[in-house]
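Sequences listed follow chains A and B, in order.
Count along the first sequence starting at 1, add 1, and that's the number in our numbering.
Count along the second sequence starting at 1, add 1, and that's the number in our numbering.
These are calculated hints, taken from the structure and not from any lab test.
In this text the structure is predicted, and so the values were computed from the model without any measurement.
Some hints could be false.
Said to hold, decoys possible - Think about it this way: if two alpha-carbon atoms lie no more than 25 Å apart in a straight line, the pair counts; the simulated SDA-like pairs of lysine to any residue are: (1) B:K212 <-> A:E78; (2) A:K415 <-> B:V150; (3) B:K212 <-> A:D75; (4) B:K212 <-> A:G263; (5) A:K415 <-> B:Q32; (6) B:K415 <-> A:S40; (7) B:K212 <-> A:E188; (8) B:K212 <-> A:A95; (9) A:K415 <-> B:L425; (10) A:K415 <-> B:Q26; (11) B:K212 <-> A:T194; (12) B:K415 <-> A:T23; (13) B:K384 <-> A:E72; (14) A:K212 <-> B:G263; (15) A:K415 <-> B:R73; (16) A:K212 <-> B:E193; (17) B:K384 <-> A:R73; (18) A:K212 <-> B:R130; (19) A:K384 <-> B:V150; (20) B:K384 <-> A:E78; (21) A:K212 <-> B:H262; (22) B:K415 <-> A:N430; (23) A:K384 <-> B:S152; (24) B:K212 <-> A:P192; (25) A:K415 <-> B:T29; (26) A:K415 <-> B:S40; (27) B:K384 <-> A:V150; (28) A:K384 <-> B:D75; (29) B:K212 <-> A:E264; (30) B:K212 <-> A:E221; (31) B:K415 <-> A:G420; (32) A:K212 <-> B:P192.
Claimed, not checked - Using C-beta positions, here's what the derived DEER-type ranges look like: (33) B:Q32 <-> A:L279: 53 to 61 Å; (34) B:L293 <-> A:A277: 28 to 36 Å; (35) A:T294 <-> B:Y247: 50 to 58 Å; (36) A:P192 <-> B:P428: 47 to 55 Å; (37) B:P428 <-> A:D429: 20 to 28 Å; (38) A:N239 <-> B:T29: 55 to 63 Å.
Just so you know, even glycine gets a beta-carbon here, dropped at the ideal spot from N, CA and C.
There are 2 protein chains.
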Amino acid sequence: MGADPGWHPDNLGCGVVVYPGTTEQVATVVQLCRRNGVSIVAHGGKTGLVGGGISKPGEIVVSLERMNRIERLDADEQVAVVEAGTALQTLQEAAAIHGLTPGIDLAARGSATIGGMVSTNAGGIMAFRNGVMRHRVMGLEAVLADGSVFSDLTRVVKNSAGYDLKHLFIGAEGTLGIVTRVAVKLEPVMPETATALFGLPSLAAVFALLKQARALGSGELAACEAMWSGFFGFSAANHGWSAPEYRTDNSVNLLLSFAGHGEARISDEIASLYEAMLERFPETEAVLASSLTQRDALWRLREDTEQIYHAYPAAPSYDVSVPLSEAEAYVACLEEGLQAVDPDLKPFIFGHIADGNLHIILNRRGGDLPASTLAAVEAVIYKDIRSLGGSFSAEHGVGSKRIHSLNETADPVKLHWIGQMKRLIDPDNLFNPGKLVLHPGLS
Amino acid sequence: MGADPGWHPDNLGCGVVVYPGTTEQVATVVQLCRRNGVSIVAHGGKTGLVGGGISKPGEIVVSLERMNRIERLDADEQVAVVEAGTALQTLQEAAAIHGLTPGIDLAARGSATIGGMVSTNAGGIMAFRNGVMRHRVMGLEAVLADGSVFSDLTRVVKNSAGYDLKHLFIGAEGTLGIVTRVAVKLEPVMPETATALFGLPSLAAVFALLKQARALGSGELAACEAMWSGFFGFSAANHGWSAPEYRTDNSVNLLLSFAGHGEARISDEIASLYEAMLERFPETEAVLASSLTQRDALWRLREDTEQIYHAYPAAPSYDVSVPLSEAEAYVACLEEGLQAVDPDLKPFIFGHIADGNLHIILNRRGGDLPASTLAAVEAVIYKDIRSLGGSFSAEHGVGSKRIHSLNETADPVKLHWIGQMKRLIDPDNLFNPGKLVLHPGLS
Numbered sequence: 002m003g004a005d006p007g008w009h010p011d012n013l014g015c016g017v018v019v020y021p022g023t024t025e026q027v028a029t030v031v032q033l034c035r036r037n038g039v040s041i042v043a044h045g046g047k048t049g050l051v052g053g054g055i056s057k058p059g060e061i062v063v064s065l066e067r068m069n070r071i072e073r074l075d076a077d078e079q080v081a082v083v084e085a086g087t088a089l090q091t092l093q094e095a096a097a098i099h100g101l102t103p104g105i106d107l108a109a110r111g112s113a114t115i116g117g118m119v120s121t122n123a124g125g126i127m128a129f130r131n132g133v134m135r136h137r138v139m140g141l142e143a144v145l146a147d148g149s150v151f152s153d154l155t156r157v158v159k160n161s162a163g164y165d166l167k168h169l170f171i172g173a174e175g176t177l178g179i180v181t182r183v184a185v186k187l188e189p190v191m192p193e194t195a196t197a198l199f200g201l202p203s204l205a206a207v208f209a210l211l212k213q214a215r216a217l218g219s220g221e222l223a224a225c226e227a228m229w230s231g232f233f234g235f236s237a238a239n240h241g242w243s244a245p246e247y248r249t250d251n252s253v254n255l256l257l258s259f260a261g262h263g264e265a266r267i268s269d270e271i272a273s274l275y276e277a278m279l280e281r282f283p284e285t286e287a288v289l290a291s292s293l294t295q296r297d298a299l300w301r302l303r304e305d306t307e308q309i310y311h312a313y314p315a316a317p318s319y320d321v322s323v324p325l326s327e328a329e330a331y332v333a334c335l336e337e338g339l340q341a342v343d344p345d346l347k348p349f350i351f352g353h354i355a356d357g358n359l360h361i362i363l364n365r366r367g368g369d370l371p372a373s374t375l376a377a378v379e380a381v382i383y384k385d386i387r388s389l390g391g392s393f394s395a396e397h398g399v400g401s402k403r404i405h406s407l408n409e410t411a412d413p414v415k416l417h418w419i420g421q422m423k424r425l426i427d428p429d430n431l432f433n434p435g436k437l438v439l440h441p442g443l444s
Numbered sequence: 002m003g004a005d006p007g008w009h010p011d012n013l014g015c016g017v018v019v020y021p022g023t024t025e026q027v028a029t030v031v032q033l034c035r036r037n038g039v040s041i042v043a044h045g046g047k048t049g050l051v052g053g054g055i056s057k058p059g060e061i062v063v064s065l066e067r068m069n070r071i072e073r074l075d076a077d078e079q080v081a082v083v084e085a086g087t088a089l090q091t092l093q094e095a096a097a098i099h100g101l102t103p104g105i106d107l108a109a110r111g112s113a114t115i116g117g118m119v120s121t122n123a124g125g126i127m128a129f130r131n132g133v134m135r136h137r138v139m140g141l142e143a144v145l146a147d148g149s150v151f152s153d154l155t156r157v158v159k160n161s162a163g164y165d166l167k168h169l170f171i172g173a174e175g176t177l178g179i180v181t182r183v184a185v186k187l188e189p190v191m192p193e194t195a196t197a198l199f200g201l202p203s204l205a206a207v208f209a210l211l212k213q214a215r216a217l218g219s220g221e222l223a224a225c226e227a228m229w230s231g232f233f234g235f236s237a238a239n240h241g242w243s244a245p246e247y248r249t250d251n252s253v254n255l256l257l258s259f260a261g262h263g264e265a266r267i268s269d270e271i272a273s274l275y276e277a278m279l280e281r282f283p284e285t286e287a288v289l290a291s292s293l294t295q296r297d298a299l300w301r302l303r304e305d306t307e308q309i310y311h312a313y314p315a316a317p318s319y320d321v322s323v324p325l326s327e328a329e330a331y332v333a334c335l336e337e338g339l340q341a342v343d344p345d346l347k348p349f350i351f352g353h354i355a356d357g358n359l360h361i362i363l364n365r366r367g368g369d370l371p372a373s374t375l376a377a378v379e380a381v382i383y384k385d386i387r388s389l390g391g392s393f394s395a396e397h398g399v400g401s402k403r404i405h406s407l408n409e410t411a412d413p414v415k416l417h418w419i420g421q422m423k424r425l426i427d428p429d430n431l432f433n434p435g436k437l438v439l440h441p442g443l444s
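Just chain A, with the same shape it has in the complex (with noise of 0.2 Å):
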């Protein structure tokens, strides 16, 4: 059993580790911890962003690490019963052998589990087509601090059999209960046949280049991600990236995948749409990956984080939600507003610009910016993220790092019932205690 930390070092700050192998023993523990006043942090892959897996002395961390088997995997069905510890990348793995896929992705597929996906309602690449993790989700089991076990596991995506309250517990990053059981839906797999990389001069020309892409004849549009050029052109750099007459200067580079029938007919229409895209907007530039080699360096530009992370350690960064409509007028508002707090921050901006999920990291390393420049940032960042129709987080959650966040950007009667919620469900505020919210029976 490892004793890693993960991607937060006070992950396991409370130095205890159970490992429970079923649900009855996850149970076992929740009532003995009940009975005597410790609480539980559950613990998936430990590659959450917003210490949502941090604990404290006196609390213990429940693993579900022992609890990855594939318990059924239908193929006709398209959905899979699993253990809540489960990694994502073994489903993955186990689904594509019968042509069929999770349907979620995202670059710690294979640390993050499951349970802690579904526990965080985890969103990735593919979220654009096929929804969340929420949508991906079919059943699910879960124990509560009562040490009863909520089971709901249905495998049917029609449901309307009373209130549907497996949706409590999808995104309530373990302060509701300890997801065990996931039912998931399955999807067909869609190979990836012409990956290409565009560069482009504004917001605007990346929608009108994904309306198209959206609309392609013989393939269908799998991946869309966006990479601001100085986002862009620190991972070219770093990662010693060139392509002839492709400048790394671009305001917006646009990296898609296509999946379909017929690679050739799918190349020939990326050419098409080159050309179309260049009549509208001549600084139009574009690579076709002609390898699998040439695809994965075009992948690991964008999904390659940690290089940033490297050079500034623990920097801050954000994860916000901006509908299409809104998103080329928030993100000059958010250049502009930086500028203001601070003329030599530099935001990296990249994501997942088919569903409006952008994150901005700084260049800066953790602790280096005073609280007060802090919450100037968050000022531009979260700066009527609500009104406008967007999410403060969009798929890294709250944790105990978001919370006043949440609390300043949230409905007020949103809010209200998150913490009745909280009362009701884990009255004794046994689990995550100190994450998502701040238990209104307590504080």
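Dock chain B against chain A, hints included.
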């Protein structure tokens, strides 16, 4: 303002309907009702099938009929924001102008409202592709029992900003609040390019066909509806439908629609599909619609369920979800079980087979069967439905008609928390009393 009771004679049983025009007016009505101890039944299109909209003297109906504006429809963003009283067909038509669709469709499209569909978590024909209403909702606004407004009108798919409480209101059948506005995800419209009817000897043949139909080269499967012989024979006779060399007594009939590029190519592929099926199942028959008139005639066979209720007014009907891997055994068990209850019981079986949703209507008028027989019928139809991974109510909901079935089939832990939610969010049992859940504080 219509005084049409809709699909249940008791919908207007209370005799009083108010027609608010804004969310604020809904909130005012709620506050007034709360102060005076008057319960509220919210009405959408009044096309519910489980008595979720019935009202009693002393209550009032709040109709969302006047709140029928499409407030926003952004073609690039592919999101619409509508008032809850907007009819599905109204939204479909507005979206179609931009080549888009709400991604959900059902026979009652002309009258069913978006708010009602949210409240019942409607399913329909496209759920196997696009999910149910719950998966189409990006944001939601609702008036709560204290007159406050829960406002979560995000227009982004990624939102991990605390418990996603909108899912409590989706499928709550108006028992927790009144849905007033909804942000709905749109999809590119897939024009039907081919419609075919297959006659098949077994459910195994249906699934074999379904698998191949999903993997068609040129066309995507847009609809997949099954009609068992009893239903099909009745419908064909009623509509005077026949086709050369197509028997009406096939074990199952499958109506398939395809969308895609190149009508001729798709037709060719359907012909190949038929050949391939013939090899494995020599009894296979097929009709390909060669005109819009023929297509509409095929769809009418499936969608005109009124004909059954015309022959058997208020016939007992059921709506279950069964995982595909269990469907064949389930139907065999069902037919055998109903035979054992009464050899003259001939169920009409049809439904959305690609997502495992079966509708079952008995060949009896409402009131014709004694309670003991109905109990025996339910025991057959709902036998092991939860442990099979299915649901006793796929898309019709619970309403007033199915509370006892919910109580008998649900996980007791889930049932407990359904009651707790009702008590917490609607402590005075103001909203739609006697539907979905019996108020634990009052029963």
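Compare the structure with the hints numbered earlier in the document and write down the numbers of the violated ones, lowest to highest. none
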